[in-house]
Amino acid sequence: GAVVSQHPSRVICKSGTSVKIECRSLDFQATTMFWYRQFPKKSLMLMATSNEGSKATYEQGVEKDKFLINHASLTLSTLTVTSAHPEDSSFYICSASGGSSYGYTFGSGTRLTVV
Amino acid sequence: RKEVEQDPGPFNVPEGATVAFNCTYSNSASQSFFWYRQDCRKEPKLLMSVYSSGNEDGRFTAQLNRASQYISLLIRDSKLSDSATYLCVVTRDRDDKIIFGKGTRLHILP
Chain A
1 GAVVSQHPSR VICKSGTSVK IECRSLDFQA TTMFWYRQFP KKSLMLMATS
51 NEGSKATYEQ GVEKDKFLIN HASLTLSTLT VTSAHPEDSS FYICSASGGS
101 SYGYTFGSGT RLTVV
Chain B
116 RKEVEQDPGP FNVPEGATVA FNCTYSNSAS QSFFWYRQDC RKEPKLLMSV
166 YSSGNEDGRF TAQLNRASQY ISLLIRDSKL SDSATYLCVV TRDRDDKIIF
216 GKGTRLHILP
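Chains as they are written, first to last, in the numbering used here: chain A, 1 to 115; chain B, 116 to 225.
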């Protein structure tokens, strides 16, 4: 089946630094990828949609300059949390879609802790 | 009105019982519907798609009511391992985005 690899699974960083999270589709081409964040005991919140070769579309309230998304190839999307603050600590999950016939596959998530 | 709404629960249900929960959606043009299961601190995993005709997978039955704009999930003969958060997911037709409900927490009691 479709596999999405997300890396790293866990990261601790200092305030002010940047963190890059990678999401790779291993056995299919992901024309669209979604990035979510999830706070404890809350549901997933869509942050942005990235389409290969074009700019990401950000949801209302999500700072595009803070959460940089790059989808340079059909198998890789990256989310960079710039100038991280403790309030950015969260669980970030990517989801990839190769088209309507493939459905949606999730990465295993990245738990970010900013200290 | 939120795009997707679920009762957050928790539903505390004795093992072996049947439990059902619904999810309502606001956009009548919504295209596809799914139930995902999420265990604590894990990523969500697809439980089942929801088809217009209703579908069953073992102890799980999902149904879609387009007229009333809700989907349902029924779990029969519940097991301890069914304890999880169940997320209702709806895709919007215009951009294929996945919209999650807040989830319903289910606790199966021994």
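Please note: incorrect hints may appear among the correct ones.
Unchecked claim - Facing chain B, a subset of chain A residues (Cβ under 7 Å, in silico):
1) ILE12
2) PHE39
3) SER43
4) PRO86
5) SER89
6) ILE93
7) PHE106
Unchecked claim - Take a look, some chain B residues computed to stay more than 12 Å from chain A by CB distance:
8) GLN121
9) ASN127
10) VAL128
11) GLU130
12) ALA132
13) THR139
14) SER143
15) SER147
16) ARG156
17) SER183
18) SER196
19) THR200
20) ILE223
Hint data in this document are derived by calculation from the structure and do not stem from the laboratory. As the structure is a computational prediction, the values presented were derived from the model and not from experiment. For every residue, glycine included, the Cβ atom is placed at its ideal position computed from N, Cα and C.
- Task: Would you list, in rising numerical order, the hints stated earlier that this structure does not obey?
- Result: 1, 2, 4, 5, 8, 15, 16 and 19
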